[in-house]
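There are 2 protein chains.
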Amino acid sequence: MQRIFEIDPWEVRTRQFDKKNKRLQESMTSIGNGYMGMRGFFEEDYSSDTLRGIYIGGVWFPDKTRVGWWKNGYPNYFGKVINAVNFIKTNLRLNDEPVDLATDVIRDFSLSLDMRQAILKRSFIVTKGQAQLKVSIERFVSAAQKELFVAGYRFENVGNAAFKVSVNTQIDAAVHNEDANYGESFWMVLDKTQNRTSGELTASTKENPFGTPRFIVGNQMIHVTDLAAEEMGGLPLAVQNQFSKELEPGGCAFFEKRVIVVTSRDYADRSRLTEAMHQLSNPLKSQSLDELRAAHTQVWHNRWEKSDVTIHGDDAAQQGIRFNLFQLFSTYYGEDDRLNIGPKGFTGEKYGGATYWDTEAFALPMYLGVTDSSVTRNLLMYRYIQLDGAFINAKQQGLKGALFPMVTFNGIECHNEWEITFEEIHRNGDIAFAIYNYTRYTGDRSYVLHEGSKVLTEIARFWADRVHFSARKGRYMIHGVTGPDEYQNNVNNNWYTNYLAKWTLNYTLKILDQVSPDQAERLAVSEWEKQKWREIADKMYLPEDKTLGIFVQDDDFLDKELKPVRDLPLDQLPLNQHWSWDKILRSCYIKQGDVLQGIWDFIDEFTPEQKKANFDFYEPLTVHESSLSASIHAILAADLKYEDKAVEMYERTSRLDLDNYNNDTSDGLHITSMTGSWLAIVQGFAGMRVRSEQLHFRPFLPRKWQRYQFRINFRNRIIDVAVAKEGAILTLISGEALTVFVNGRSVPLGSDPVKA
Amino acid sequence: MQRIFEIDPWEVRTRQFDKKNKRLQESMTSIGNGYMGMRGFFEEDYSSDTLRGIYIGGVWFPDKTRVGWWKNGYPNYFGKVINAVNFIKTNLRLNDEPVDLATDVIRDFSLSLDMRQAILKRSFIVTKGQAQLKVSIERFVSAAQKELFVAGYRFENVGNAAFKVSVNTQIDAAVHNEDANYGESFWMVLDKTQNRTSGELTASTKENPFGTPRFIVGNQMIHVTDLAAEEMGGLPLAVQNQFSKELEPGGCAFFEKRVIVVTSRDYADRSRLTEAMHQLSNPLKSQSLDELRAAHTQVWHNRWEKSDVTIHGDDAAQQGIRFNLFQLFSTYYGEDDRLNIGPKGFTGEKYGGATYWDTEAFALPMYLGVTDSSVTRNLLMYRYIQLDGAFINAKQQGLKGALFPMVTFNGIECHNEWEITFEEIHRNGDIAFAIYNYTRYTGDRSYVLHEGSKVLTEIARFWADRVHFSARKGRYMIHGVTGPDEYQNNVNNNWYTNYLAKWTLNYTLKILDQVSPDQAERLAVSEWEKQKWREIADKMYLPEDKTLGIFVQDDDFLDKELKPVRDLPLDQLPLNQHWSWDKILRSCYIKQGDVLQGIWDFIDEFTPEQKKANFDFYEPLTVHESSLSASIHAILAADLKYEDKAVEMYERTSRLDLDNYNNDTSDGLHITSMTGSWLAIVQGFAGMRVRSEQLHFRPFLPRKWQRYQFRINFRNRIIDVAVAKEGAILTLISGEALTVFVNGRSVPLGSDPVKA
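One line per chain: the protein sequences are G and Y, in this order. -17 is the number of the first residue of the first sequence in our numbering; add one for each residue after it. -17 is the number of the first residue of the second sequence in our numbering; add one for each residue after it.
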């Protein structure tokens, strides 16, 4: 654990300039607007360790992964979101000497991420000889206009000597990815134009041998300032403007940079792209910073209004949950159904900014509760749009139907570990489950009966082809898979995968009975096919140990040496940093819930005894070395009334990044696992479930808290739930009256708060 | 099947210049002398498809394999034998126009590999305008002096017009590997000197980030010719000499190139290396081509004398077995205990020229029979010398003892598939078994009681740490392995691996009882350790199915869909070219014998019923897509008196390359599997076994053959075995009298042939 920011309910703030933890600071002060985002790196050059990163959603590159051995069905490339052209670059000079916080004498440093307004602020006083300059910077990517980045500077002479302050502002295409497999750069400049006070640069991703689309990104910067513009020469890979002014003691100046970023994802035609860029930047010349900021913060105000969570009696927990919500909304708010939620969002290069099953399994359940159903519907549409890619993935394995990818940008698998890409196929079931989950929560059947029925049918076809019949056991089996517990690879009959496959077949059959005749005709599922699915579902092998009363993670799991995590020497944890992969694979240690993931998904289908036996068996073997692990354990522990365990697991998920629990936040934030703290509070502590179209709660208050309160969106209503020592208070904030259930008792909700 | 060379008992010859199959021709006409070797590519530039390849044993480079994901215990690099500096390069000009067989008009082409003499010969007549030049070339790498390459040219004017013939001869360091992961070249030139009639070039392998040794190779060429030398300028990466002469009609000329190649493997000091190169090349100036050739062919004469196999009634089979022996001896004849037998020898880049378990499992059993025991002893020494690397490999997995590598040059694992490198650990048992096999065959106990006891002890320590105890089954198990059947990965309790581990522990315990007190002290195996080994061996889990009467390949094998290969559509074979890896892994199809590999190793430990049940069960599921597969099936089929199957399997191994059975010989020859045809004849058809220090035979004659005959070396005797329709005739060619057993009856062998 490492805490470098102050505890504050609405801010992530420090007054320490911590060079050693620069990357960690940068990760934590990331901002984004779903369309694009960036790490909290400095606008100006910094001559010591830093990870500069600006990312644009859906702009990616297929990096090479050739390694000498290749087998049929292996993915061809490793896709990664690439570090965008650096359009925030803004160098400062004081009396013609560069300002560089790595080496300069500075004081009164402050760095603060204002989560309510979604603005990153920084200020400091730099001294060079007699000159003392105070610099205050704010920046944001507009939530009101996705293409807009704004940075505002205020300069003040706080010393006794006059000096010259200069600003050199650029759009710089000389960027690279640290994780490029072979040090290649991914950008080439197509066009650049530089005027006295503005500039534009259009770049495209380089050609690649895999035939994936190339992207063009246009960047235009304009400036509003009381500094004087200077004539500047060109640069090979950048455009630049420069401004300067003499400041007398006490004198001030301001400088504002506004950048429009458009891409060929929205404007396929090159001239349309340029035209759009100009059209979007034109009005910016007459709008004030206050206007731009106000439009942006209003959007954030509305978001918080709908979804804020408050915790009394634990400011660290309060900050944790807000930070998580803030970063999630910065990454995804459902505006674009071609985009999804990368495990690190716009905060780092790792995991290539691609889409994983994290979205359906961990993000969707939270977004259901905190946003309009249109947001989560777009997450489902994302997969529907990518069905063609999923057909290709299945076909590459010689299988029928659709195999949604483990890692993707365009629907086609683009990761490079065989034991994951064509073995961790439970994801196909998770995507089916998300359709059910969405429909159950929102009551909106329009997706499942149309696009959803197509997705389900093709997933069912995949499962029906992927199973085989074991004559010896008289059961259908699924061999050669990797479950959510990626610390066991290539196992046979992973209970979770088999259970999901069986469930998907049954659910699809049920939906097929409900679709319109037209849709049924389009889906063209024959009676024979349905009969086959029924037979597979009926005869699916689900490993179980009657003596232990548990479902067995996979065929040979119980033959392992079974020793609880608490018996391991502490210096061997985390295992993935201390043990060989060989040793991990052979051990009984579980990276993240596997059987328990299934029990969470289908929590109402199991008896309390079953839930208890499985939790008691598996949790002690679980090392929680995936950031996704803690939340479902918190929920299940709460369900079993293991309050201490629930709180322990909550704390692990809530401040995972703020306290750098896994010692890897410098790479970027664990975006998809950030939903975990919300889920732990709402599904865990408050025990929220949807059963038969109705909302149920079974709340408890963690001992060290005085009260917690959250708002959920449920079927066009906003409901406020407050849980305090004296009980729960539910308030219908907006929408029609409805009845909910608290601890099994019905509670009608109208306009007044109800104690339950 | 594709046959591009004529059938001939001693030659591999064609009169067709087959441009389409140029690489295949090159592979088949490879030559080598254990120290170095080369494909049959042309000395002169060839402007169409060709794979130039010269390789020097033990000179390798650690190629990069970074792919974005890495886990503890993964190997760091992918080692490969690199394409050496091209010292055979010799361009020809006719009237100052280059001779290029890809485009020139040629006739009377002949290409012939003389296997008896180990000389590659080529001749052709090239016509340019009025000029008609006949070129005859012979080349060999000397078996008498390892550093020596010789090429002899004869030119003849066979037309009616005079012309000028010119020879430009080079040592060229501008070479690369086709399989370099990222197109890098591996050589840098250190030094080059060029005189009027000779030249030398010293190059070293480039720096690498893995800290593996760099190699320096010195090449010196001298020339003997009646052509006139010309003064030539320098080249950036090569040295060159040039000679020419006017030839009248009917006129002749000769040109001889002699190259000395020395390496830092033999001369660590740079100046010693240069000195040695000069010392070795000096006498060449006064020796004639005939002398050099005679010294070389004498060595080969002696080899054939000891080991020739003759087959009457099947010239194709005759050519097949000789070709295999020729290529094996060209690759390895035991002179250098730091070298080993790469799967493709000096004939191609694939498999990186490294050492695999092929050596112990398939090559050693044959070399035992055809060479002095010193040759096979050196193969055992190779592993002893590399023990330090094996300690590192085990330690990387967090395990005790020694884990010999799957792929290596220096003892350290250098391949990059986790499911192979730290899972295909049966190799450790194969290396132990090879010690036993050597000792049993040769009667030489000096290795096993000294170096061998150390190797065995450290392997035993590895096994003892690699097993775990399954409380549920009360047995020791080995999880997470890949057996010889690489079409199933990461399985649990592979019968072959478990059996070998158990056997190794028992054998090591037995040897420890026999070593000297001094050696025992050095090995420092405690009583507690021995007790532990005994317990593991006693309680090792060996999967078995009593109903089927078979040993089970691994835990879940019998849950697969079991369907014989003959029921597969022919257009899906070979599976590895038609099925996804996913489908292959989940199928029941076996790449090469796995349980049957164990039954071959320990053939006298199983009852005829056991052998039959297992063969009948597994062979029909086996696709033989490893070139190593056919031979042991031939032997077991012969053992079971399945003569047709034995002959089918023999034919598959005998002419695998000559008939390009697997359609991949253009990459290089399948050197290590070439032992298979010899093993199929000797252990299969002739039924040779060693039992209780004595030699047993149980011969039969394949129906289409009239007779076969082979010689084996057994405990300082050469025994000739001839099998004809009328029975077997055994002759003691040299060495003391001994008694052998034929069909269970004792046959005393003296100086006269004995009919048995």
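Just so you know, the hints here were simulated from the structure itself, not pulled from any lab data. Any given hint could be a false lead.
One copy or two, either will do: identical chains are not told apart, so a pair holds if it fits within one copy or between any two.
[Claimed, not checked] Here are the simulated lysine-lysine pairs, DSBU-like style, with alpha carbons at most 30 Å apart:
1. Lys521 <-> Lys545
2. Lys2 <-> Lys53
3. Lys455 <-> Lys521
4. Lys514 <-> Lys565
5. Lys492 <-> Lys593
6. Lys686 <-> Lys2
7. Lys332 <-> Lys377
8. Lys110 <-> Lys528
9. Lys565 <-> Lys512
10. Lys565 <-> Lys53
11. Lys377 <-> Lys594
12. Lys46 <-> Lys188
13. Lys594 <-> Lys455
14. Lys332 <-> Lys46
15. Lys514 <-> Lys545
16. Lys593 <-> Lys455
17. Lys686 <-> Lys565
18. Lys492 <-> Lys521
19. Lys146 <-> Lys110
20. Lys382 <-> Lys512
21. Lys455 <-> Lys528
22. Lys332 <-> Lys53
23. Lys103 <-> Lys116
24. Lys565 <-> Lys528
Structure-based check of all given hints:
In this homomeric assembly, Lys521 and Lys545 come within 30 Å of each other (Cα to Cα) only across copies, at 21 Å, whereas the closest approach inside a single copy is 33 Å. Proximity of Lys2 to Lys53 under the C-alpha cut-off of 30 Å is restricted to the inter-copy arrangement: shortest distance 26 Å between copies versus 44 Å within a copy. Proximity of Lys455 and Lys521 under a CA criterion of 30 Å is satisfied in both settings, with 10 Å inside one chain copy and 27 Å between copies. In the homo-oligomer, the alpha carbons of Lys514 and Lys565 lie at most 30 Å apart only across protomers (21 Å), although the nearest pairing inside one protomer, at 40 Å, exceeds that limit.
Taking identical chains as interchangeable, the C-alpha atoms of Lys492 and Lys593 lie at most 30 Å apart only when both belong to the same chain, with a minimum of 26 Å there against 52 Å between chains. In this homomeric assembly, Lys686 and Lys2 never come within 30 Å of each other (Cα to Cα): the closest approach is 34 Å inside a single copy and 80 Å across copies. Proximity of Lys332 and Lys377 under a CA criterion of 30 Å is satisfied in both settings, with 28 Å inside one chain copy and 29 Å between copies. For the homomeric pair Lys110 and Lys528, neither the shortest alpha-carbon distance inside one copy (76 Å) nor that between copies (87 Å) is at most 30 Å.
In this assembly of identical chains, the alpha carbons of Lys565 and Lys512 lie at most 30 Å apart only when taken from different copies (24 Å versus 43 Å within one copy). Within a single copy, Lys565 and Lys53 get their C-alpha atoms as close as 26 Å, and across copies as close as 11 Å, so both meet the 30 Å cut-off. For the identical chains of this complex, Lys377 and Lys594 are neighbours neither inside a copy (41 Å) nor across copies (39 Å), given an alpha-carbon limit of 30 Å. Proximity of Lys46 to Lys188 under the C-alpha cut-off of 30 Å is found in both arrangements, the shortest distances being 13 Å within a copy and 23 Å between copies.
For the identical chains of this complex, Lys594 and Lys455 are neighbours both inside a copy (29 Å) and across copies (26 Å), given an alpha-carbon limit of 30 Å. Taking the shortest alpha-carbon separations for Lys332 and Lys46, both the intra-copy value of 16 Å and the inter-copy value of 21 Å come in at or below 30 Å. Proximity of Lys514 and Lys545 under a CA criterion of 30 Å is satisfied inter-copy only: 21 Å between copies versus 41 Å inside one chain copy. For the identical chains of this complex, Lys593 and Lys455 are neighbours both inside a copy (27 Å) and across copies (26 Å), given an alpha-carbon limit of 30 Å.
Within a single copy, Lys686 and Lys565 get their C-alpha atoms no closer than 39 Å, and across copies no closer than 53 Å, so neither meets the 30 Å cut-off. For a Cα distance limit of 30 Å, the shortest separation of Lys492 from Lys521 inside one copy, 18 Å, qualifies, whereas the shortest one across copies, 51 Å, does not. Taking identical chains as interchangeable, the C-alpha atoms of Lys146 and Lys110 lie at most 30 Å apart only when both belong to the same chain, with a minimum of 11 Å there against 79 Å between chains. With identical chains, the CA atoms of Lys382 and Lys512 are at most 30 Å apart within one copy only, with a shortest distance of 15 Å there and 54 Å across copies.
Within a single copy, Lys455 and Lys528 get their C-alpha atoms as close as 17 Å, and across copies as close as 16 Å, so both meet the 30 Å cut-off. Taking identical chains as interchangeable, the C-alpha atoms of Lys332 and Lys53 lie at most 30 Å apart whether they share a chain (25 Å) or sit on different chains (15 Å). Taking the shortest alpha-carbon separations for Lys103 and Lys116, only the intra-copy value of 13 Å comes in at or below 30 Å, while the best inter-copy value is 84 Å. In the homo-oligomer, the alpha carbons of Lys565 and Lys528 lie at most 30 Å apart inside one protomer (29 Å), although the nearest pairing across protomers, at 32 Å, exceeds that limit.
Violation of the numbered hints given earlier is confined to hints 6, 8, 11 and 17; the remaining hints are satisfied by the structure.
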